[in-house]
Every structure is written in structure tokens, then in C-alpha cells.
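Trainee: Given next are the chains, with one letter for each unit.
2 protein chains.
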Amino acid sequence: MDKKYTIKDIAKMAGVSKGTVDRVLHNRGKVSPTALDKINEVLNVIDYEPNLIARNLKNTKVYRICVLLPDPEIDPYWLPCVNGIQEAITEFKAYSVIIETHYFNPESTKSFMNTNETIIKQSPDAVLIAPLFHKETLEIVKQYDELEIIVNTFNNQIEGESIKGFVGQDLYKSGRVAASLMNLILSEGQIAIIHIDESLKNAVHMQEKEKGFRNYFDEKKIAGFSLITLKLKHPNVESKFSAFLEENPHLKGIFITTSKAYQIASILSPLKNKKIALIGYDLVEKNVNFLNQGLVHFLIHQNQKRQAYLGVSTLIEHFLFRKDIPETILLPIDIINAENASFYIS
Amino acid sequence: MDKKYTIKDIAKMAGVSKGTVDRVLHNRGKVSPTALDKINEVLNVIDYEPNLIARNLKNTKVYRICVLLPDPEIDPYWLPCVNGIQEAITEFKAYSVIIETHYFNPESTKSFMNTNETIIKQSPDAVLIAPLFHKETLEIVKQYDELEIIVNTFNNQIEGESIKGFVGQDLYKSGRVAASLMNLILSEGQIAIIHIDESLKNAVHMQEKEKGFRNYFDEKKIAGFSLITLKLKHPNVESKFSAFLEENPHLKGIFITTSKAYQIASILSPLKNKKIALIGYDLVEKNVNFLNQGLVHFLIHQNQKRQAYLGVSTLIEHFLFRKDIPETILLPIDIINAENASFYIS
DNA sequence: TTTATTAGTGTGTTCGAGCACATTTTTAGT
DNA sequence: ACTAAAAATGTGCTCGAACACACTAATAAA
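One line per chain: the protein sequences are C and L, in this order.
The opening residue of the first sequence carries number 1 in this note's numbering; numbering runs sequentially from there.
The opening residue of the second sequence carries number 1 in this note's numbering; numbering runs sequentially from there.
Please note: incorrect hints may appear among the correct ones.
As the list claims (entries may be wrong) - Label pairs and their in silico Cβ distance ranges:
id : chain 1 : residue 1 : chain 2 : residue 2 : range
1  : L       : 136       : C       : 148       : 58 to 66 Å
2  : C       : 293       : L       : 218       : 16 to 24 Å
3  : L       : 86        : C       : 4         : 13 to 21 Å
4  : L       : 269       : C       : 321       : 42 to 50 Å
Derived from the structure by calculation, the hints contain no laboratory data.
Since we're looking at a predicted model, the values are computed, not measured.
Heads up, the beta-carbon is just placed ideally off N, CA and C, and yes, glycines get one too.
With the sequences and hints as input, model every part of the structure.
Mentor: The following block contains the structure:
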């Protein structure tokens, strides 16, 4: 019923040679209308699927893919990505694909540009980048486009004509998810939305989450809540936040839009009298510790590992199996508490 | 650096023919100690990985895998599994693998046994079964073992020597997750644990969830909660539950251990004065509708689709790539509310 | 010593797609 | 009608593992 047809089968059925069939299938070379008709007739009847194994066996081209992401030693948020990339490497090690990972300093646009230079010198067939810096990304994407290097992105979305795909999450909706959970813990009171980041270059990222968070409360028309936004940056997170706490003694909940919830939790930790609901992002070790202690109520899992894995594997499958690169893959927004966290850590 | 070596390379390096190398690699046939040493020496230095593509190209054996699960027309819970299986079929269509799906009536052990007979007649290389019936499963697994058919299981775990693997969830912990969410919605009051099932053959399944649920409250030593268990079966779900509601007018929360939360929700729906927290399982359409209406607070996603996909794909990869079949794969316990549900439905 | 037997080794073919090249057929030009 | 050019078609090799088979060398039996 679903016997597998080969080019040879088609050739026999159409009464031509496999060379001619090959020319029709790839519309290369010259084929007479007569032969074309005969072969098309056969192709319409049967369901020909080329054998990918045989195709890849002959294929001597080595595909080179470069991944560009922030140095996980600077920001451990990116650590799972390395595992995701490793997983893809292992899965496709049988094929002729080379995957190279390059790190840049997430606090320096210069480092970002420099690393891109290095990548271009490798003349890869495709790149997967975490486009932290908007303007700079558009710039280098233009370069990649000229060199006919396919660009895939992950983590945060950037609109650009030459960007083939994106893997990430709907940040606006993840803000809403956080809000819905907050609304479950609290029935009223003051809630702070805190942005903590070294570079604040992630601004768009965090703002989307804030928008979603606020929108939830606006839409539900729930009275009794007041939302306030606070931005904190590295050297003076503790001092500024402590001051904020004193100014707002009745604070009931905090939504941290980055993976730095542990910084807030560790400040709140000694203050036993305070009972503040905390919701943050990402299963970094310190966050999970506070989750297990009960100081952090929920974490939203951004699944960076899978983001990176899919970012790479869709590119590989594009080259090897001629699959399309999906325009956008939105990963589910996983809700994590102390009870189910262990299943998401790998 | 990590150049790919072929058998021919090894042969040249060891100064023998590829036939001899092949004999050493598969330890078949006779090889002189001299040749063996020379080849092993080379093998110790280089890192030989056989090219899976070439291997599978020649491989003419067609692997046959049969999947046995309840008829999704009788219980739509199983519908996503069909998609998961389809996904595996698509992914591996290039290889010579045949996957056949067989349905049984989940309310009839006889149907289960009959379908197994049919499968055995197909003489597959492996089967993936949803072992709903404990005793019967052990019986047929023995048969499969004698015929040297590999048995993999999903959905619910059954201990058996000849069962090679299991894909599913930790049900006890999923009960705990439900409890932790319930504890977040309610601070006190009476909570019912409701088991609804056509056959009640899933008893173990549901009991594990109940245990986990109760354990959470026991462990946390939270006063003010009282738990009560209720079993409901098909024809008289509504009448019995209505009676139960009247007997327990102060009921605050319900944990439904099966995918039938919608049955409870639809009874509660007209009773506008009642505010009862509902937590159930599975993203079946009716459940999601009630989730969006706000009648069901949380659903726990058992990810049947992925269970079935992994159940099949691990078997396929075992045959094609000689990978081990993982003994147990425990999928994450996804927490779903109205805000993130859409990302899990596919 | 000769022959039969076995141990040990090498050669050649297969799988299916892809492509270079050889060959045949058709068309155009003189 | 004959030749050169172009068009159309067919042939054959490659990729790497796997295995059948052919072959040589060594050993045992007659």
C-alpha cells in the first residue's frame, strides 16, 4: 500500500532512465516534453518520497552553524542553552554538521559586534543568535544577508526581513500568567514590578512582561490592587530596594521580570515579619533554592535549553532534510512551584 | 580534529582489508590474533563511530511496532496519543519502520486481550502498550517475552521483568502538585477528592494521585482542612454528586483525579452561589472551556501526546540507532490555568 | 606426499540519490 | 544530403556499512 518507490522504480514505470527522472525531479537539464509527461504521469499516481538516508550518504557538503549567545559565566541564565546546543550536536553527530558556539559579553555591544566579526570569518551556512541588542542586530543581520548566511534567532524577538525564524516565548502572555498567579495568592494590596538587569538592554524584553502583567489586572477590573514599577541595576540593587521597602511598608507582592528573583529573595529572607508573594523567572539554582524554602512562590520557566535546541535543530533539519525553518516557535509558559520544579531541571 | 573515520580508513591504518575490520567490529568470523591486535591498536587511538546513515541505507529489515491503547472514540483522553504516534511516524518515515495502532475498549478486559491476540498475529518487533489492566497485562507480557517481542509501556506504570520501559508521570507527585495549588486557592475548609471513571480499572492510577494529594496536607500540617473521598461511576455521576453537595454544603474545593472535571463543572455551573475551587486533569476540550470560564481553576497536563511519541520513538531509535530504551521517562507535571493553556494544546 | 578441511583474509556487491560524463537522437546550417 | 551543434537520454561511479562469497594459507588426515 505505501510501498517505497525509488527513482529506479519511477524510471522503469515511465520507460525512461533514472537520469531523466532525476532531471525532472530537480528540474535541471533538458527533458523532452514526451518524457516529462510520462514521468509526471507516474509521479501523479504514486507518492514518491526521496530516501533521505541515501541522499545524505552521498552529500559531502559539511554544514557549518554558528551560535551566538551571551557568556554563561557572566550570566548563568544562558547555561541551559549550552546543554540544548550540546543535545542537538549529539543528535546529529552522524551527519556532516559542525556547530560552533561563540560567547559575547551581554553588557557590551562592542563584544557583540566583535564576536559577530569572528563568526563571519568562519563563513558559516547559518547562524543562531540571541539578539540582545536591537540596533546592532539589525546591522549585522544585513551583513549576514549579503553573505547569504541564514539567520535564526531565539530568546527575544526582533523584526527583520532577513531573519528567517524565531524561537522563544510570548513575553506579554507570560506577564499575564504571572499576574494570574499573583491574583491567586493575593486578593488585594500593593504589588511591585521589579526589573533587575545588569545592562538594561533587555528593556523591551522586560517591558513586554510588565505590559502583560498590568493588562491582566486592568482587564479583570479587580479593585484593591495597586501596581508600581521599580528598576534596579547592579551595584545598588540592595540599597535601592531596601529604601523602596521602607517607603512601601504595605507591599504585598513582587513580580521580578528577570531571572534575578533570588536577589530580592535574599534581601527579604532575614525579614521574617514580612510576608511578600514573590514571582520570578527561570530555574537558576538560587531561584530554585528560594522556591523550595517557600520564599519564592512561583517561577516561570522560559525553557532556554529547548529554545537553543530548537533554534539549532530547525536549522540542521533545514539543511539535511530540506525542512522549512518555522517563522516563530512559541514555547509553552511553564508554571513552576516547589512541587513540580524538579521535573524541569536537567 | 574530530575527522570521521570509516572502516576503510581503519583497514588502511591497520594494514588489513575492510572485511577483517568488519569482522573485528562485529566479532563475527575468524580473525588471527595478529590482525586483531593491529586493528584494536588503531581503534584505541582513533574514535570510530560507524556512519548510521550508511548502515541504515543497506538495512533491508523492516521493523514493525504495534501500539495498543484505548479507543479514543470511547474515551477522548487518548486522542492526543494518536497525534503523538503520528508525529513519530512522520519523523521516521524515511526509515523502514512500520507503526500500527490498535485500539481496545477501555471498559473491557476481553477487548484488551483480543486486541493483543491480533497484535501477536502481526509478529511485531516491539509493542507499546497502555497497560490499563494489571493482571491481564502481566499475562500478555509473558507471551510477548516468549516471542522475543520488546514491550514498552506508557500512561501507567506496571512492574514486570520483561517490560523494557515506561513513559509517564509520577502520579503521586502530581497529586502533591494539585494539593499545593489547592492550598494556594483556599486557606481552609472542606475539600473533596473525586474519582470519576467509567471502568474504575484505573484504580491504582487514581489512588496514587489521592495519596500524593493527602500527603501534601499531612506533611505541611495545615490545620483547617478536611479531606473527603468520593467515587463516582458513569450512569449516576450527577445524582450522587448532587446528593453529596447537599450533604456537604460547606465544600470549598474539589480535586478530580481523572480527565472528567468537566462533568463536575457542568453540574456546578448553574449553581451561581457556590464558589468551589476545582482542580482536575488533562486538556480535553470540555475541561479547557470550563477553565476559560473560570469554573475550573487549574488543570494538570499529563501530556499524553508526548508520552505516546516518546514511547514509540525510543523503540524506533533502539532498532535504528541501537540506543537503549530508557527504563523510565517521567514527564514534567505541567500546571495549566486559563492564561497558559493555549500553548499546550496542539 | 597428496588431499580435505578449516582458519584467515580480501574482494565485490548492495542499498538510493545525485551528479559527471558518455552516448544517442534531433535539429539547424551549409 | 551531410555535418556540426545542440538537445535529450542513458550509464556508471560515489558515499560507508554490511555481508556474501571467493580466495589463500595453514593445518590435519589419508
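Trainee: If a hint holds in the structure, say so; if it does not, say that too.
Mentor: Here is how each hint holds up against the structure:
1. The supplied range of 58 to 66 Å is met by residue 136 of chain L and residue 148 of chain C, whose beta-carbon atoms lie about 60 Å from each other.
2. Residue 293 of chain C and residue 218 of chain L have their C-beta atoms about 20 Å apart, which keeps the hinted 16 to 24 Å range intact.
3. In this structure the hint that residue 86 of chain L and residue 4 of chain C lie 13 to 21 Å apart at CB holds, the actual value being about 18 Å.
4. Look at residue 269 of chain L against residue 321 of chain C: about 48 Å separates their beta carbons, and that is inside 42 to 50 Å.
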